Structures are given as structure tokens and as C-alpha cells.
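Engineer: Please take these sequences and the hints and turn them into a complete structure.
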Amino acid sequence: MLGMLVLIARRLGQSALVLLVMSLLVFVGVFAIGDPLAILVSPDATPEEIARSARELGLQQPLWQQYLLFLQQALQGNLGRSFAHGEPAMALILERLPATLELAISATVIAIVLGIPLGLWAGLRPRSLSGQSIMAGSILGFSLPTFWVGLMLIMLFSVWLGWLPASGRGPVQSVLGLPLSLGSSEGWRHLLLPALNLALFKLALIIRLVRAGCIEALRQDYVRFARAKGLHPRRIIGVHVLKNLLLPLITVIGLEFGSVIAFSIVTETIFAWPGMGKLLIDSINVLDRPVIVAYLCIIVLLFTLINLLVDLLYVLLDPRLRPSTATPQRAGT
Amino acid sequence: MNAPLLQVEQLDCVVRQAGVLTGDADLAVLQQLDFSLQRGRILGLVGESGCGKSMTGNAILGLLEPPARIVRGRILFDGVDLLQQDEAALRGLRGDRIAMVFQDPMMTLNPVLRIDTQMIEAIQAHHPLPRKQALARAATALAQLGLHDPQQRLREYPHQLSGGMRQRVAIAIALLNQPALLIADEPTTALDVTTQRQIVQQVQALCREQGSALIWISHDLALVSSLADEICVMYAGRIVERGPVQAVLQQPRHPYTRGLIDAAPAGHVPGQPLPQIPGNVPLPPPLSQAGRGCAFAPRCGYASARCGETEPAPPEQAVSATHRATHPATHHATHRATQRVRCHHPLVYSADGATEAITP
Numbered sequence: 000m001l002g003m004l005v006l007i008a009r010r011l012g013q014s015a016l017v018l019l020v021m022s023l024l025v026f027v028g029v030f031a032i033g034d035p036l037a038i039l040v041s042p043d044a045t046p047e048e049i050a051r052s053a054r055e056l057g058l059q060q061p062l063w064q065q066y067l068l069f070l071q072q073a074l075q076g077n078l079g080r081s082f083a084h085g086e087p088a089m090a091l092i093l094e095r096l097p098a099t100l101e102l103a104i105s106a107t108v109i110a111i112v113l114g115i116p117l118g119l120w121a122g123l124r125p126r127s128l129s130g131q132s133i134m135a136g137s138i139l140g141f142s143l144p145t146f147w148v149g150l151m152l153i154m155l156f157s158v159w160l161g162w163l164p165a166s167g168r169g170p171v172q173s174v175l176g177l178p179l180s181l182g183s184s185e186g187w188r189h190l191l192l193p194a195l196n197l198a199l200f201k202l203a204l205i206i207r208l209v210r211a212g213c214i215e216a217l218r219q220d221y222v223r224f225a226r227a228k229g230l231h232p233r234r235i236i237g238v239h240v241l242k243n244l245l246l247p248l249i250t251v252i253g254l255e256f257g258s259v260i261a262f263s264i265v266t267e268t269i270f271a272w273p274g275m276g277k278l279l280i281d282s283i284n285v286l287d288r289p290v291i292v293a294y295l296c297i298i299v300l301l302f303t304l305i306n307l308l309v310d311l312l313y314v315l316l317d318p319r320l321r322p323s324t325a326t327p328q329r330a331g332t
Numbered sequence: 000m001n002a003p004l005l006q007v008e009q010l011d012c013v014v015r016q017a018g019v020l021t022g023d024a025d026l027a028v029l030q031q032l033d034f035s036l037q038r039g040r041i042l043g044l045v046g047e048s049g050c051g052k053s054m055t056g057n058a059i060l061g062l063l064e065p066p067a068r069i070v071r072g073r074i075l076f077d078g079v080d081l082l083q084q085d086e087a088a089l090r091g092l093r094g095d096r097i098a099m100v101f102q103d104p105m106m107t108l109n110p111v112l113r114i115d116t117q118m119i120e121a122i123q124a125h126h127p128l129p130r131k132q133a134l135a136r137a138a139t140a141l142a143q144l145g146l147h148d149p150q151q152r153l154r155e156y157p158h159q160l161s162g163g164m165r166q167r168v169a170i171a172i173a174l175l176n177q178p179a180l181l182i183a184d185e186p187t188t189a190l191d192v193t194t195q196r197q198i199v200q201q202v203q204a205l206c207r208e209q210g211s212a213l214i215w216i217s218h219d220l221a222l223v224s225s226l227a228d229e230i231c232v233m234y235a236g237r238i239v240e241r242g243p244v245q246a247v248l249q250q251p252r253h254p255y256t257r258g259l260i261d262a263a264p265a266g267h268v269p270g271q272p273l274p275q276i277p278g279n280v281p282l283p284p285p286l287s288q289a290g291r292g293c294a295f296a297p298r299c300g301y302a303s304a305r306c307g308e309t310e311p312a313p314p315e316q317a318v319s320a321t322h323r324a325t326h327p328a329t330h331h332a333t334h335r336a337t338q339r340v341r342c343h344h345p346l347v348y349s350a351d352g353a354t355e356a357i358t359p
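Keeping their order, the protein sequence lines are chains A and B.
The first sequence runs 0 to 332 under numbering that gives the first Met the number 0.
The second sequence runs 0 to 359 under numbering that gives the first Met the number 0.
Think of the hints as simulated: they come from the structure by calculation, not from any bench.
Among these hints, one or two may not hold up.
Stated by the list, open to error - Cβ-Cβ distance ranges computed for the label pairs, FRET-style:
no., chain 1, residue 1, chain 2, residue 2, range
1, A, Q172, B, L128, 47 to 53 Å
2, B, G210, A, V112, 30 to 36 Å
3, B, G210, A, S132, 47 to 53 Å
4, A, L316, B, E8, 45 to 51 Å
5, A, L160, B, L128, 53 to 59 Å
6, B, T116, A, Y313, 16 to 22 Å
7, B, L128, A, V112, 31 to 37 Å
8, B, S349, A, P232, 55 to 61 Å
9, A, S132, B, Q200, 51 to 57 Å
10, B, Q150, A, M3, 25 to 31 Å
11, B, T139, A, I7, 40 to 46 Å
12, A, L316, B, D103, 21 to 27 Å
13, B, L128, A, S258, 44 to 50 Å
Said to hold, decoys possible - Taking lysine to any residue and the SDA-like style, the derived pairs with C-alpha atoms no more than 20 Å apart in a straight line are:
no., chain 1, residue 1, chain 2, residue 2
14, A, K277, A, H84
15, A, K277, B, R154
16, A, K242, B, A124
17, A, K242, B, L153
18, A, K242, A, V171
19, A, K277, A, L123
20, A, K242, A, T303
21, A, K242, B, R154
22, A, K242, B, Q150
23, A, K242, B, T116
24, A, K277, A, V309
25, A, K277, A, G257
26, A, K242, B, R113
27, A, K277, A, P87
28, A, K277, A, L119
29, A, K277, A, L16
30, A, K277, A, L96
31, A, K242, A, A165
32, B, K131, B, Q150
33, A, K242, A, L96
34, A, K242, B, D115
35, A, K242, A, L316
36, B, K131, B, M105
37, A, K242, B, M105
38, B, K131, B, P110
All values reported here derive from a predicted model rather than from experimental measurement.
No residue lacks a Cβ here, since even glycine has one placed at the ideal position from N, Cα and C.
Structural biologist: Pasting the structure below:
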């Protein structure tokens with residue numbers, strides 16, 4: 000238990016350090032790109048108006064003072080107000096978070112639910128036509144650009160077949176205080192295409208991972224011994240092989256989940272999904288520094304949290320990583 | 000005499016080798032394998048690495064996987080030809096009537112499953128026993144193999160056990176359902192000598208107690224001599240000599256068996272260089288070239304021109320009446336009854352124990 004707390008504390012410490020460096024980079028980066036004032040203030044504004052806006056936004060101070068002020072406020076939980084919207088940046092992002100999470104989780108579930116069986120199938124019959132077809136398909140999943148696949152999905156399912164809506168999010172209901180669109184069939188219909196689009200890359204990844212792991216595990220002595228015990232193939236695959244497969248799978252799914260949240264930007268843009276990614280793009284366009292910083296802070300925290308979760312799951316799944324609850328390795332017999 | 004528990008008849012086994020230029024070729028890895036085992040008896044299967052010992056074990060259990068396959072022969076277990084059975088029937092036998100343990104104790108147990116899980120599933124795959132009773136049986140089996148505190152062991156994972164303990168667990172799993180036949184594929188090779196001796200004794204005692212027959216695969220002649228009733232010496236996919244263990248080890252008739260015994264460190268004079276058989280076990284020949292001469296001829300000190308041309312007949316016919324007639328004085332009648340050799344020039348022994356080869 001103590002080991003677990005140390006692990007959590009260390010992780011939080013690390014992420015605090017990352018947050019510090021990251022915020023500094025964003026400050027310098029946005030400063031280097033251009034002057035937000037030039038975008039926010041109308042072109043025909045007088046110098047007085049510009050100076051007033053600069054004072055309101057705190058942009059008249061030198062950069063290092065702005066940064067120190069930011070740090071001071073951040074420690075009190077205030078990440079500043081959006082230049083463009085005038086609202087607290089954190090609130091803006093948290094408002095969009097459920098939509099992105101909904102999309103990311105749906106995509107991950109699709110990737111897992113399809114990826115594990117397909118990967119197992121290909122791993123059990125690596126030479127068969129079906130197995131090879133699955134592998135060929137997964138190469139497409141890797142190599143086709145997300146935006147193009149998204150456009151093709153819209154073309155096929157919305158334009159030609161007319162089955163699913165091309166963009167936007169369906170009606171939302173409050174589930175446990177979060178506005179989610181999973182409650183209605185219309186919400187599902189809106190979610191399906193973007194989730195599928197986002198899932199494709201990860202689906203390909205999981206298929207390859209499961210297939211490789213399956214082929215590897217089938218060569219192991221413990222599988223041969225399980226067969227010698229007279230176990231049914233269902234149990235050998237479902238328990239002996241799959242449980243060993245879960246370890247690398249959890250790591251990759253965890254990492255990928257983080258990046259899906261962070262980089263769902265393309266999909267959200269194509270499908271006009273009102274998530275964080277779209278907000279980020281809009282904010283970068285107007286150099287809305289507080290929103291960019293707040294967005295990246297949330298992403299860093301999410302990554303930290305997910306990695307922590309993966310580590311804990313790992314310990315749960317792999318007995319060899321558990322802190323010695325029982326006796327350690329004995330020497331001799 | 001009762002019908003033997005296991006009877007392997009004229010078993011031929013090949014491995015398909017893919018060739019880019021030459022096309023696929025079948026390599027003859029087991030050739031005319033022929034032996035039998037009575038209920039409750041112990042058979043030692045010896046030979047150098049790569050001579051087909053493990054493959055024989057896997058073939059009996061139906062665990063051969065492509066590219067290896069059986070092309071001919073019969074494996075009669077309790078009168079039933081295993082090669083005619085479907086996978087479901089074989090699965091019913093495996094782990095229940097015929098069990099097997101493997102060489103590397105570090106790899107045999109699944110690292111992410113607890114010992115109790117791995118034991119209970121072995122019981123419940125064959126007998127609808129409630130978990131509690133299965134656990135009790137598992138604990139008994141562990142205790143029988145000399146593991147202390149079996150209740151605690153059951154709750155542990157393989158990595159918490161030493162190599163010796165893991166192999167004991169694997170053997171306990173194999174013996175859980177009191178199989179009629181246990182195939183042990185060099186299970187103690189990776190262990191230290193003391194542990195090895197203990198395990199061998201325990202397995203021997205348990206098999207005797209349960210009435211299980213045992214095939215112990217090993218390259219260690221000394222170990223087999225202390226354990227087995229009978230011995231099969233394999234070379235390059237063939238059984239070259241078989242018979243009662245004492246007879247074969249005291250008066251081996253095949254030059255290869257002689258070489259193996261001479262090369263064994265036990266009973267060797269310290270300080271003297273250890274005799275060895277020159278050369279290595281040949282790679283399995285393509286099926287088309289199999290049977291051209293004795294496989295051991297290139298390494299054999301007694302080889303003649305004939306050895307390079309025709310392969311000696313399988314043991315059943317090798318000890319022919321003519322040999323007996325030619326060398327009546329050199330034959331111990333008791334040994335001749337069952338000791339069989341596959342050689343053109345089997346060794347014979349004069350009354351004072353000196354060796355000579357028969358020259359036809």
C-alpha cells in the first residue's frame with residue numbers, strides 16, 4: 000500500500016514538473032508566433048484602444064512578468080481568462096471535455112471489441128486467407144490518413160447511403176452530471192462515424208499487437224503443457240494466452256487513449272464535433288494563450304492519470320510486478 | 000502375458016522443410032519406431048540431443064504440430080490406435096490417462112496464473128469435481144512430491160517458486176488424475192543433481208504406487224539406469240537398441256550404445272580424458288534418401304562397406320538365428336530373449352567380458 004502511495008506521489012511530482020516546462024514553452028511559443036493583440040483588436044483601432052486592451056489582458060507587461068503572474072494565479076487554481084471569449088479558460092475546456100471523452104472512449108471500445116477477436120483470429124491462423132486479409136486490412140488502417148478516411152466515411156455513409164448524419168453532435172442528456180449523447184439513438188447515430196474514424200488507427204494497432212502476441216504465446220511451453228493437460232482450446236486461448244496478452248495490450252491502449260484525447264483534433268474538425276480539439280484549433284488561430292495553456296495542462300494531467308492507471312492495472316494483471324505480498328523468490332528447493 | 004499398455008508400431012514421422020530453390024522436402028525424423036511398454040513399467044528413452052526422443056513423446060500424446068506429422072505406423076494405447084482418434088477423443092486422454100511433463104520448469108507453468116488455478120483446471124478438464132475437492136486433491140498431489148506447506152504453494156504464482164519446486168508442481172499436475180502413462184521429457188535436466196535425484200525417486204515411487212507406466216526421456220544414462228526397467232537407445236530417429244536396462248548397459252550390443260556408456264562421466268577414471276563418440280548426430284535426411292545405409296556408420300569404429308549401403312533391419316529381425324548359431328557361446332540366453340539391436344555388426348562378448356564385433 001505504501002509503495003502504491005509513493006508511486007502516485009512520484010507521478011504527481013513528475014507531472015507538476017512537466018506542467019511547469021510546458022507552460023513556459025507555450026508562453027515563449029505564442030510570443031514568438033505573434034501578437035495576440037493584432038488579431039483580437041480590430042485593424043482600425045486607435046493606439047489608445049490597443050493600449051487599453053493590452054492592459055485589460057495583461058499584455059503590456061514584459062513576458063517574464065506575465066509568466067510569473069500566470070504561475071502565481073495558477074497555483075491558486077486560476078489559469079486566466081480566454082482572450083477571445085472572456086470566460087475562464089478552464090471552464091471553457093471542461094465544458095468541451097465530455098464530448099471529447101465520449102468520442103475517445105467510444106473509439107477505444109470499438110478498437111478493443113473488434114481488435115482482440117480479429118487479432119486472435121489472425122494469430123491462430125497466420126497462414127490462412129482470412130488471417131492474411133485481416134493483416135492486409137490493418138496495414139490500410141495504419142497508412143491511410145485519418146482525415147481522408149473521415150471524408151470517405153462521410154461520403155459513403157452520409158452522402159451516398161444516407162444512413163448517418165455527416166457532422167455535429169446529437170442531443171445530449173445529463174448522465175451523472177455530464178452532458179452525454181449516448182442516451183438517445185440520435186446521439187449514437189452522430190457518434191458512430193467520428194468514433195469509427197478515430198478508432199481505425201488503434202484498431203489496426205491492436206490487431207497487430209494481439210496477433211503477434213498470440214503467435215508468440217502459442218509457441219510457449221506453458222501452452223504446450225496446457226494442451227498436454229487436455230484443456231479445451233477455448234480455455235487455452237481465452238485464459239492462458241489472453242491473460243498473457245493483456246499486459247502489452249493495456250500499455251498500448253493506455254498510451255493510445257491519451258493520444259486519442261489529445262489528437263482527436265482532426266476527427267473533431269472533419270465531423271464538426273464540439274470537443275476540446277476543435278476548441279484548441281480555434282484558440283491557436285487567434286493566439287488565445289490562456290486556453291492553449293489550459294488545454295495542454297489538462298492533457299498533461301490526463302496522460303499522467305492514464306499512465307498511473309496503466310501501472311496499477313499492470314500490477315493487478317502481472318503477479319511478478321506485485322510488491323512481495325508473500326515470500327520472495329526462494330533459492331534452491 | 001497381458002497386452003501391453005502402449006505399443007508403438009513402425010512409426011514414421013517427417014518434418015516438412017520449405018526450400019526456396021529445391022521445393023518442399025519431407026525430412027525423415029522418426030523411422031520405423033517400434034517399442035512397447037507394459038502397465039506400471041518404466042522405460043528409459045536415451046540418446047543424444049536431436050535424435051528424436053522428445054518428438055517420440057509428443058507423437059504419443061498427439062502434440063506434434065506442423066511442419067511435423069506422422070506418415071505411417073500405429074500407436075496403440077490400451078488397445079486403441081491413437082492415430083485414428085479425433086482431437087476431442089485425444090483431448091479426453093491427455094492429462095487424464097496419458098500425461099506429460101517437459102524439460103524447462105521455468106517455462107512450463109503459466110506465469111500469470113496461480114498454481115491452484117493451473118491445478119484445478121487440469122482436474123476439472125476431465126472430472127466434474129467441485130472446486131473444494133479439486134483443491135484438496137491438488138494439495139495432496141503437491142505434498143506427495145515433497146513440497147512443504149502445499150496450501151501456501153497453491154496460492155502462489157510460478158515466479159515465487161524455485162526451478163525445482165516448479166518442476167515438482169508440473170509433475171504433480173501431470174499425476175493429478177493418476178494417468179496410466181506418464182511421459183517425462185528430461186524433466187530434471189535443468190536442475191541440480193541433488194534435486195534431480197530426489198525428484199526421480201519421488202516420481203518412481205509415485206508411479207509405482209499409482210500403477211502408472213513411465214517413459215523417462217533423458218540423455219543421462221546413469222540416471223536412466225537407476226530408474227528404468229527397460230531402455231530404448233535412439234539414434235537419428237531410430238531405435239538402435241532396446242532391452243532390459245541391466246542387459247543393455249552391461250553388455251551393449253550396438254556400437255553407439257557402447258560409445259554412450261563409455262562417454263558417461265560416471266565410473267570414469269579421474270584425470271583421464273573422457274572418451275567421446277567422434278562427430279555429431281546427422282541432420283534428418285530427406286525421405287527419398289532415408290534408409291541408405293546405417294545412420295551411425297560415419298561415426299562407427301566397426302563400420303564396413305555394407306553399413307554404408309544397406310540399413311540394418313529394425314530390431315525385431317536383427318538378432319537372427321544365424322548370429323546365434325555362429326556365436327552360441329557368447330550369448331546369455333536371458334538377455335537374448337528381449338535385448339534387440341539394429342546393427343550389421345552387433346558387439347558380442349566372450350566369456351571373460353571382452354568385446355569384439357561380429358564380422359559377417
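Engineer: Work down the list of hints and note, for each, if the structure agrees.
Structural biologist: Results of checking the hints against the structure:
1. A/Q172 x B/L128: 47 to 53 Å: Because 50 Å falls inside the window, the suggested range holds.
2. B/G210 x A/V112: 30 to 36 Å: 50 Å, violated
3. B/G210 x A/S132: 47 to 53 Å: 52 Å, holds
4. A/L316 x B/E8: 45 to 51 Å: 48 Å, holds
5. A/L160 x B/L128: 53 to 59 Å: 55 Å, holds
6. B/T116 x A/Y313: 16 to 22 Å: Given range 16 to 22 Å: holds, Cβ gap about 19 Å.
7. B/L128 x A/V112: 31 to 37 Å: 35 Å, holds
8. B/S349 x A/P232: 55 to 61 Å: 58 Å Cβ-Cβ, so the 55 to 61 Å window holds.
9. A/S132 x B/Q200: 51 to 57 Å: The hint (51 to 57 Å, Cβ to Cβ) holds, given that A/S132 and B/Q200 are roughly 55 Å apart.
10. B/Q150 x A/M3: 25 to 31 Å: 27 Å, holds
11. B/T139 x A/I7: 40 to 46 Å: Given range 40 to 46 Å: holds, Cβ gap about 43 Å.
12. A/L316 x B/D103: 21 to 27 Å: Since A/L316 and B/D103 have Cβ atoms about 24 Å apart, the given range 21 to 27 Å holds.
13. B/L128 x A/S258: 44 to 50 Å: Hint holds: Cβ distance 48 Å, inside 44 to 50 Å.
14. A/K277 x A/H84: The hint holds at about 15 Å.
15. A/K277 x B/R154: 51 Å, violated
16. A/K242 x B/A124: 19 Å, holds
17. A/K242 x B/L153: Given pair A/K242, B/L153 holds - Cα atoms ~19 Å apart, limit 20 Å.
18. A/K242 x A/V171: 37 Å, violated
19. A/K277 x A/L123: With Cα atoms ~41 Å apart, A/K277 and A/L123 exceed 20 Å; violated.
20. A/K242 x A/T303: 25 Å, violated
21. A/K242 x B/R154: 18 Å, holds
22. A/K242 x B/Q150: Violated: A/K242 and B/Q150 sit about 24 Å apart, past 20 Å.
23. A/K242 x B/T116: 13 Å, holds
24. A/K277 x A/V309: Outside the cut-off at roughly 27 Å; violated.
25. A/K277 x A/G257: 17 Å, holds
26. A/K242 x B/R113: Status holds; Cα separation ~12 Å.
27. A/K277 x A/P87: The hint holds at about 17 Å.
28. A/K277 x A/L119: Violated, because 36 Å separates the two Cα atoms, which is more than 20 Å.
29. A/K277 x A/L16: Outside the cut-off at roughly 27 Å; violated.
30. A/K277 x A/L96: Roughly 11 Å separates the two Cα atoms, so the pair holds.
31. A/K242 x A/A165: Not OK: A/K242 and A/A165 at ~39 Å, beyond 20 Å, violated.
32. B/K131 x B/Q150: 12 Å, holds
33. A/K242 x A/L96: 33 Å, violated
34. A/K242 x B/D115: 16 Å, holds
35. A/K242 x A/L316: 8 Å, holds
36. B/K131 x B/M105: Distance ~28 Å between B/K131 and B/M105 Cα, so the pair is violated.
37. A/K242 x B/M105: With Cα atoms ~18 Å apart, A/K242 and B/M105 stay inside 20 Å; holds.
38. B/K131 x B/P110: Roughly 23 Å between the alpha carbons, so the hint for B/K131 and B/P110 is violated.
The earlier numbered hints that this structure contradicts are 2, 15, 18, 19, 20, 22, 24, 28, 29, 31, 33, 36 and 38.
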